[in-house]
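There are 2 protein chains.
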Amino acid sequence: MSLEFNIQNETDSGGRRAQLVLPHQTVETPVFMPVGTLGTVKAVPQDTLESLGAQIILGNTYHLYLRPGHEPIRRMGGLHRFISWPRAMLTDSGGFQVFSLSALRKVTEEGVRFRSHLDGSSHFFTPEHSMDVQIALGADIAMAFDECTEYPADRTRAEESLRLTLAWARRSLDYHTAHRHEVLWHGEHDSPVPKCEGPGAPATCGGADGAGAPRGSWSAWSPSARDQGHPATCGGADGAGAPRGSWSAWSPSARDQGHPVSAGKDRRSQSLFGIVQGGMYTDLRKESAERLVEMNFDGYAIGGLSVGEPRDLTLEMISEVLPLLPKDKPRYVMGVGYPDEIEQYARMGVDMMDCVLPTRAARHGLLFTSEGRLNIKGKRYAEDQGPADPACDCMVCQRYSRAYLRHLMHSGEALSATLNSIHNLAYYLGVMKRVRATCGGAATCGGADAR
Amino acid sequence: MSLEFNIQNETDSGGRRAQLVLPHQTVETPVFMPVGTLGTVKAVPQDTLESLGAQIILGNTYHLYLRPGHEPIRRMGGLHRFISWPRAMLTDSGGFQVFSLSALRKVTEEGVRFRSHLDGSSHFFTPEHSMDVQIALGADIAMAFDECTEYPADRTRAEESLRLTLAWARRSLDYHTAHRHEVLWHGEHDSPVPKCEGPGAPATCGGADGAGAPRGSWSAWSPSARDQGHPATCGGADGAGAPRGSWSAWSPSARDQGHPVSAGKDRRSQSLFGIVQGGMYTDLRKESAERLVEMNFDGYAIGGLSVGEPRDLTLEMISEVLPLLPKDKPRYVMGVGYPDEIEQYARMGVDMMDCVLPTRAARHGLLFTSEGRLNIKGKRYAEDQGPADPACDCMVCQRYSRAYLRHLMHSGEALSATLNSIHNLAYYLGVMKRVRATCGGAATCGGADAR
Numbered sequence: 002m003s004l005e006f007n008i009q010n011e012t013d014s015g016g017r018r019a020q021l022v023l024p025h026q027t028v029e030t031p032v033f034m035p036v037g038t039l040g041t042v043k044a045v046p047q048d049t050l051e052s053l054g055a056q057i058i059l060g061n062t063y064h065l066y067l068r069p070g071h072e073p074i075r076r077m078g079g080l081h082r083f084i085s086w087p088r089a090m091l092t093d094s095g096g097f098q099v100f101s102l103s104a105l106r107k108v109t110e111e112g113v114r115f116r117s118h119l120d121g122s123s124h125f126f127t128p129e130h131s132m133d134v135q136i137a138l139g140a141d142i143a144m145a146f147d148e149c150t151e152y153p154a155d156r157t158r159a160e161e162s163l164r165l166t167l168a169w170a171r172r173s174l175d176y177h178t179a180h181r182h183e184v185l186w187h188g189e190h191d192s193p194v195p196k197c198e199g200p201g202a203p204a205t206c207g208g209a210d211g212a213g214a215p216r217g218s219w220s221a222w223s224p225s226a227r228d229q230g231h232p233a234t235c236g237g238a239d240g241a242g243a244p245r246g247s248w249s250a251w252s253p254s255a256r257d258q259g260h261p262v263s264a265g266k267d268r269r270s271q272s273l274f275g276i277v278q279g280g281m282y283t284d285l286r287k288e289s290a291e292r293l294v295e296m297n298f299d300g301y302a303i304g305g306l307s308v309g310e311p312r313d314l315t316l317e318m319i320s321e322v323l324p325l326l327p328k329d330k331p332r333y334v335m336g337v338g339y340p341d342e343i344e345q346y347a348r349m350g351v352d353m354m355d356c357v358l359p360t361r362a363a364r365h366g367l368l369f370t371s372e373g374r375l376n377i378k379g380k381r382y383a384e385d386q387g388p389a390d391p392a393c394d395c396m397v398c399q400r401y402s403r404a405y406l407r408h409l410m411h412s413g414e415a416l417s418a419t420l421n422s423i424h425n426l427a428y429y430l431g432v433m434k435r436v437r438a439t440c441g442g443a444a445t446c447g448g449a450d451a452r
Numbered sequence: 002m003s004l005e006f007n008i009q010n011e012t013d014s015g016g017r018r019a020q021l022v023l024p025h026q027t028v029e030t031p032v033f034m035p036v037g038t039l040g041t042v043k044a045v046p047q048d049t050l051e052s053l054g055a056q057i058i059l060g061n062t063y064h065l066y067l068r069p070g071h072e073p074i075r076r077m078g079g080l081h082r083f084i085s086w087p088r089a090m091l092t093d094s095g096g097f098q099v100f101s102l103s104a105l106r107k108v109t110e111e112g113v114r115f116r117s118h119l120d121g122s123s124h125f126f127t128p129e130h131s132m133d134v135q136i137a138l139g140a141d142i143a144m145a146f147d148e149c150t151e152y153p154a155d156r157t158r159a160e161e162s163l164r165l166t167l168a169w170a171r172r173s174l175d176y177h178t179a180h181r182h183e184v185l186w187h188g189e190h191d192s193p194v195p196k197c198e199g200p201g202a203p204a205t206c207g208g209a210d211g212a213g214a215p216r217g218s219w220s221a222w223s224p225s226a227r228d229q230g231h232p233a234t235c236g237g238a239d240g241a242g243a244p245r246g247s248w249s250a251w252s253p254s255a256r257d258q259g260h261p262v263s264a265g266k267d268r269r270s271q272s273l274f275g276i277v278q279g280g281m282y283t284d285l286r287k288e289s290a291e292r293l294v295e296m297n298f299d300g301y302a303i304g305g306l307s308v309g310e311p312r313d314l315t316l317e318m319i320s321e322v323l324p325l326l327p328k329d330k331p332r333y334v335m336g337v338g339y340p341d342e343i344e345q346y347a348r349m350g351v352d353m354m355d356c357v358l359p360t361r362a363a364r365h366g367l368l369f370t371s372e373g374r375l376n377i378k379g380k381r382y383a384e385d386q387g388p389a390d391p392a393c394d395c396m397v398c399q400r401y402s403r404a405y406l407r408h409l410m411h412s413g414e415a416l417s418a419t420l421n422s423i424h425n426l427a428y429y430l431g432v433m434k435r436v437r438a439t440c441g442g443a444a445t446c447g448g449a450d451a452r
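Those protein sequences? They're chains A and B, same order as listed.
Numbering of the first sequence is given in this note's numbering, commencing with residue 2 and proceeding in unit increments.
Numbering of the second sequence is given in this note's numbering, commencing with residue 2 and proceeding in unit increments.
Keep in mind the hints are simulated off the structure, nothing from the lab.
Only a predicted model underlies this, so the values are computations on that prediction, with no experimental measurement involved.
Incorrect hints may have been included.
Since the list gives no way to pick one copy over another, a pair counts as held whenever it fits inside one copy or between any two copies.
As the list claims (entries may be wrong) - 20 angstroms max Cα-Cα, derived DMTMM-like pairs, lysine to aspartate or glutamate:
#, residue 1, residue 2
1, 378, 72
2, 378, 120
3, 43, 414
4, 380, 111
5, 43, 155
6, 43, 341
7, 43, 385
8, 330, 299
9, 434, 414
10, 380, 120
11, 330, 48
12, 287, 111
13, 107, 384
14, 107, 317
15, 328, 385
16, 380, 72
17, 107, 72
18, 287, 5
19, 287, 313
20, 328, 414
21, 287, 72
Extracted from the complex, chain A is given alone in its bound form (with noise of 0.2 angstroms):
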């Protein structure tokens, strides 16, 4: 099975709490994605990923099929062991990128051909290839190849749009349920898995510790304990002290682990998401739901969104299509948002979302916090030795000043990137830690108490 979707809570507004239960990873949700494009959120190492608490990145389709490609992907073992992330992940379709990056972009009924921007080389997608290579990155979740509609669009190009997605998505159902056993982790059994937090959970998760392990339990799959079964890893992110999972398994010397399982049920594969088009038109948007609907995809997402719309009908476009989708299912809104917008559409029901903004604001110096955005590099800073935000309690705002800061990204040095985008990751997974929270129990999500 590819995945669950165990509803806790419902609220008046439409806000669900719920675990998404994926192969490598126990997901609560509402969730944000930090951005992993090229099998790395920018500037950001893994290890700290894992103390903020992100359950589950994205990654680029069409950047790792451009370099290293899927192939070496593949060989390697996979995208989660190639970037040693044990937790889960979502790759796009490569449906976005081809659209928005690549020159000399050809559509055909078939597919787009496209030169990289790389090195201006020349290349074919294809639902169908698209699958491949997102079976070949072997992520958790997969996405339907799309045509991402631009705006404006008119009508008409709008409806061509939708036709080609909604042709696009049926052969990407179809070839990813003919090929999806060919996800390297595939099939593989669960092994029982100890609960790792709470009362009566074992001091190391997994297996044995290692003599002198520093980090607790992933040592259990050190060089020295290459014989242990699958590793486990720890369900949710919100646990105090969660340990940092089983990465460990693939460390360079034990590579003959295999995958780390979740705590969930036996023979595990890819999920595919199918994915709402139809520009800003309310009965396009309808159809492409009510279709993809009909073609029982694994979950359901919102595209074509935050492409230089206005606000209002980001929300008008969500309200209209969110309804239409199965509630028993996760929905998931692409590319949002700001921090308001993302709590927002959380408390309206929708489960996943994902944008590069925090990371890519971070290395623009804009820093999110509770007192409001505010610009790291501003001369009003130059001694000021309050953290970034004073209500947050991240590694950066408990340690660093607003004045180091500022030097820091005036002086052009690495570590700029570094801190920043741990502070608006960590606001950003903080804003959603905060909305399941109050989604938790009925009366208090969504509402003005929530807070």
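Got chain A; can you put chain B on it based on the hints?
Same frame as chain A, now just chain B:
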């Protein structure tokens, strides 16, 4: 008192095993000092430096003077506080950068007039001014303002340069002696420090853990513990799992805390080291050493090496000069070197070294390993799932493959610099750790059995 230098052991080849007790840290020597030019060891956060066991880092006076400026840093409590580094720090005098980086330099007896490489503004550095800047920065050790003799230099040039350097050394010392009480932490009393390592050590060091503290003892100084006394650092970087010291005394929300103190004597002050110059002329080096020793500095550096000369000449100069320096004071060779060099010099009796090489090489993809140097960009590593260094236990070699490191480098990803630098620093610090371990007993240090 400014420093204590307690020699535990000396080997036949001249290598010493010692503790250098500084105001902010008791440093185990021989020691390698990572370079944190602009108040950051490029691409490596301070908590990672602590995990790596870095005991003392170097800051560049020239760079910090230009940006953000020594007066702002002084106002903000000094460099330790500004960058949140509770362990030891050394600042160079600015002499080398003035000569190597700035444009339009004019040297007179008085000092050096130069134009900033940043914006062309005009500045005048004198020994007195350099002392002023270093006092404002407040490192544990400051360096005399010298003229770094270029290579090659004919005899006349080397003589003139030496004459100037000696005159400037005298002025540096006089000014520093008269003004070092202005260092912000000068004269602070040490509080009794609980032993942080070994049997009987308390679970936390230096104060009560705040509830839910994730990182051990530093949280004693979190915002909820503001009335605690001076935090204590834990001396020694070789202890397993050394806690993170007490930087949180400066956490942006605990601004009224004083500087962390080391487990040393009362009434701390900044040390000043003299720098032996003289080009590649043994007799000039001898004269330089003798004159500096007469001046009675707290320690002695050998400067003007690794400036383009062949390595056997570097070795020759070090061999000639070391015996001329007082045995009972620390000896520091500036700007060296490759891993085999630093090991060699340490075993000869050099106590301290600094070099940008591990971090700079890292950013160019050059990794130092137990199997020799490798350039991670190499095609041969494209699918190499082994660690950078099979013999290395650093966090990078434990988690990431060569293939991934290569991918990051080729993709121009920020994480590349960070991971490569972490490994190289671990390698360098590991070399020194090994030398210290084998220099502890007289029979083993410096010989073939030292491994």
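Hint check:
1. In this assembly of identical chains, the alpha carbons of residue 378 and residue 72 lie at most 20 angstroms apart only when taken from different copies (19 angstroms versus 42 angstroms within one copy).
2. For the homomeric pair residue 378 and residue 120, the shortest alpha-carbon distance between copies (18 angstroms) is at most 20 angstroms, but the shortest distance inside one copy (34 angstroms) is not.
3. For the identical chains of this complex, residue 43 and residue 414 are neighbours both inside a copy (14 angstroms) and across copies (7 angstroms), given an alpha-carbon limit of 20 angstroms.
4. In this homomeric assembly, residue 380 and residue 111 never come within 20 angstroms of each other (Cα to Cα): the closest approach is 54 angstroms inside a single copy and 34 angstroms across copies.
5. Taking identical chains as interchangeable, the C-alpha atoms of residue 43 and residue 155 are never at most 20 angstroms apart, the minima being 36 angstroms within one chain and 50 angstroms between chains.
6. Taking the shortest Cα distances, residue 43 and residue 341 never come within 20 angstroms of each other, neither inside one copy (23 angstroms) nor across copies (34 angstroms).
7. When the C-alpha separation of residue 43 and residue 385 is checked against a cutoff of 20 angstroms, the pair qualifies neither within a copy, at 27 angstroms, nor between copies, at 23 angstroms.
8. For the identical chains of this complex, residue 330 and residue 299 are intra-copy neighbours only, at 7 angstroms inside a copy versus 70 angstroms across copies, given an alpha-carbon limit of 20 angstroms.
9. Neither within a single protomer nor between protomers do residue 434 and residue 414 lie at most 20 angstroms apart by alpha-carbon distance, with minima of 31 angstroms and 29 angstroms respectively.
10. Proximity of residue 380 and residue 120 under a CA criterion of 20 angstroms is satisfied inter-copy only: 18 angstroms between copies versus 40 angstroms inside one chain copy.
11. In this homomeric assembly, residue 330 and residue 48 never come within 20 angstroms of each other (Cα to Cα): the closest approach is 30 angstroms inside a single copy and 41 angstroms across copies.
12. Within a single copy, residue 287 and residue 111 get their C-alpha atoms no closer than 25 angstroms, and across copies no closer than 80 angstroms, so neither meets the 20 angstroms cut-off.
13. Taking CA atoms no more than 20 angstroms apart as the test, residue 107 paired with residue 384 passes in neither setting, with 53 angstroms inside one copy and 33 angstroms between copies.
14. In this assembly of identical chains, residue 107 and residue 317 lie within 20 angstroms of each other by CA distance neither inside one copy nor across copies; the values are 31 angstroms within and 67 angstroms between.
15. In this homomeric assembly, residue 328 and residue 385 never come within 20 angstroms of each other (Cα to Cα): the closest approach is 48 angstroms inside a single copy and 45 angstroms across copies.
16. Taking the shortest Cα distances, residue 380 and residue 72 sit within 20 angstroms of each other only across copies (16 angstroms), while inside one copy they are farther apart (49 angstroms).
17. Taking the closest pair of Cα atoms, residue 107 and residue 72 never come within 20 angstroms of each other, the shortest separation being 25 angstroms inside a single copy and 59 angstroms across copies.
18. With identical chains, the CA atoms of residue 287 and residue 5 are never at most 20 angstroms apart, being 26 angstroms at best within one copy and 77 angstroms at best between copies.
19. With identical chains, the CA atoms of residue 287 and residue 313 are at most 20 angstroms apart within one copy only, with a shortest distance of 18 angstroms there and 78 angstroms across copies.
20. Taking the shortest alpha-carbon separations for residue 328 and residue 414, neither the intra-copy value of 47 angstroms nor the inter-copy value of 39 angstroms comes in at or below 20 angstroms.
21. Within a single copy, residue 287 and residue 72 get their C-alpha atoms no closer than 37 angstroms, and across copies no closer than 63 angstroms, so neither meets the 20 angstroms cut-off.
In this structure, the hints that do not hold are numbers 4, 5, 6, 7, 9, 11, 12, 13, 14, 15, 17, 18, 20 and 21, in rising order.
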